[in-house]
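Undergrad: Make the full structure from the sequences, and use the hints.
The chain contents come next:
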Amino acid sequence: MMETATEEKRRRDVSFGEMYTWHEGMEWNPVERVILERRSVRRYKEEQVPEKLVRRVLEAGRFAPSAGNSQPWKFIVIRDPGMLEEMEKYVRLRCRLLKFLLDWESSPLGRLSWFLSQVYIRLMPNELHPIPFGAIRLIADGKLRLFHGAPTVILVLMDRRGVSKPQVDVGICGQNMVLAAHSLGLGTCWVGFVELFKFGTKWKRKLGIKWPYRLMEGIALGYPVGEPDGMVARELHEIDWWEDGRKRAVF
Amino acid sequence: MGYLTFRERMTIPTYNDPEACRVGKVVIDHEKCNGCGNCALICPGACLYVAGIGKDRKAYMIERMVPDCMSCNDCAAICRRGAIKAAHGYDFGGFYKVLHRAEMVPPRNF
Ligand SMILES: Cc1cc2nc3c(=O)[nH]c(=O)nc-3n(C[C@H](O)[C@H](O)[C@H](O)COP(=O)(O)O)c2cc1C
Ligand code: SF4
Ligand code: SF4
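Chains as they are written, first to last, in the numbering used here: chain A, 1 to 251; chain B, 1001 to 1110.
Be a bit skeptical, because a hint or two may be false.
[Stated by the list, open to error] Chain B regions said to be covered by chain A (calculated; three or more residues, Cβ under 8 Å):
#, stretch
1, 1015-1021
2, 1044-1055
3, 1074-1081
4, 1084-1096
5, 1102-1110
Calculated from the structure, these hints are not laboratory results.
Here the structure is a predicted model, which is why all the values come from computation and not from measurement.
Cβ atoms here follow ideal geometry from the backbone N, Cα and C, with glycine treated the same way.
TA: Here it is as structure tokens:
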């Protein structure tokens, strides 16, 4: 009850800055608000998203910029609860295996596990960064879900033959869809852990993930429980600013 | 601000060593918190829980030596009472040393 009341309030109380213009200190315009208020949503209602709404979100992806207009993406939409559940199970099993091999704190392999983790972290410093390393353990223990119970998932595949750096294009395309979805009242969460499907021959065959396609990311989509969106504090980044023949640091 | 020394670049931090790593950390204002538990339900690091009964029901951070908090502030966003927020960003040091950052601030409308 309280939730719906605050939700409504949020919708009514907004005063927006104008679009397509700027003056100092003006209110956030609707586009900025969506960008700044978007948070990753990790709790969804069971209610399915209407097909037309998903189609509308996909349109935002179709019109993303891409190097040489090569549009090096392919989408797979999954809305079958049984299938999503199976995918979830598969990833949990994979994470259990990884935890068994690499999590030196809990692995029965002891020192061998420490050695393995040190080798693999050096080989895959991005995939095994401390944050995903911790997430592997959490997924294995059932404390973090793959798709967070979202009723719709968009898998974003990359065509390896894209112009220049197709990874960048795929990221832009995905974020277009994410922002459109939030502006339409949906919640989303990027799901990098779909990476683990690349170890599953069965899933790759079923989903048709083969050359020239590479599965890049998943996007969970659904109606959020509560009000997860909102502006928060984040780290300032030091920016090098060159002007008047010298450089200064700007935050 | 500097970059990485050669030594840092070659050092993989021990992920579960609180001496080596500064992980995310939240501060919870128990005056404001009503123990609704929303933050605990959505925390991607599973590092929050609620305990206590009635008026004393409040959110806490788990007692793991190195919790999986990534300072995302998603807990702060979902909290209707403004009772929780990340105190600082994470920095695992060594190879993963965080570069060119400063304190956490909300969006600024220049
Ligand atoms: C490429 C990418 C992959 C991600 N993968 C996951 C994931 O597998 N699971 C998850 O819960 N969150 C995932 N996230 C969400 C991030 O954790 C989140 O964006 C970050 O903590 C910042 O929080 P915010 O999105 O609420 O601003 C991913 C985000 C990106 C951009
Ligand atoms: S969401 Fe806020 S009020 Fe609810 S338990 Fe967490 S900190 Fe307390
Ligand atoms: S900042 Fe993010 S990871 Fe840390 S406690 Fe809050 S929701 Fe969890």
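Undergrad: Now tell me, hint by hint, if it's right for this structure.
TA: The hints, checked one at a time:
| no. | hint | result |
| --- | --- | --- |
| 1 | 1015-1021 | holds (count 3) |
| 2 | 1044-1055 | holds (count 3) |
| 3 | 1074-1081 | holds (count 5) |
| 4 | 1084-1096 | holds (count 7) |
| 5 | 1102-1110 | holds (count 8) |
Going down the numbered hints, you'll see the structure goes against none, and every one checks out.
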